[in-house]
Amino acid sequence: MKKLFFLSLCLLVFLPEASAQTYKVITSVESIVPNGLGRSRIINATEDKDYKEYTSVQTEDDNSRNKSDRSDIRVKNFEETKLLNFYNIGGIRFQNIAANDALISSMINEMVANGWDLVHVTSAVESDAGDKDGQGIFITRYIFRK
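Taken in order, the sequence shown gives residues 10 to 155; the numbers are from this note's numbering.
No lab work stands behind these hints, which were simulated from the structure alone.
Don't take every hint at face value.
[Said to hold, decoys possible] The calculated SDA-like cross-link candidates involving lysine to any residue, where the alpha carbons are at most 20 Å apart (straight line), are: (1) Lys61 to Val34; (2) Lys33 to Glu62; (3) Lys33 to Gln104.
Take these sequences, add in the hints, and give me the full structure.
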């Protein structure tokens, strides 16, 4: 009887781990273009895509391509939350960074309140390469799991 009880308890503890998990990626793009000319946003796709529809297998004998057009990959339904740019005419704006942090925190808190766990954050920068470049973004991907 004790063994049956222990086995049942183990199943209850480990059963949720066996269920399928869903992941969601939300991206923030923050402009580091001087003079505040860039655009900064949080992007959240509101439709799903199946990567298999856009995947092909390449072999030495066959260079066949997937029949779907690249324009089919585009997501037309997404949320776009405005953020402030890192720079304005006077240079870097720490108030803008604090405001973006508040908006991103709000987004993360809402996702967590809706049952998502923030499991990974990754970021990258394409920064200004000198006087004549004038381009740059700071991109962060927030990966959630449910």
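Lys33 paired with Glu62 [C-alpha distance capped at 20 Å]: holds (19 Å)
Hint consistency between Lys61 and Val34 [alpha-carbon to alpha-carbon, up to 20 Å]: holds (18 Å)
Pair hint outcome, Lys33 versus Gln104 [Cα-Cα no greater than 20 Å]: Given that 20 Å is the threshold and the Cα spacing comes to 29 Å, the pair is violated.
In summary, the one numbered hint that this structure violates is 3.
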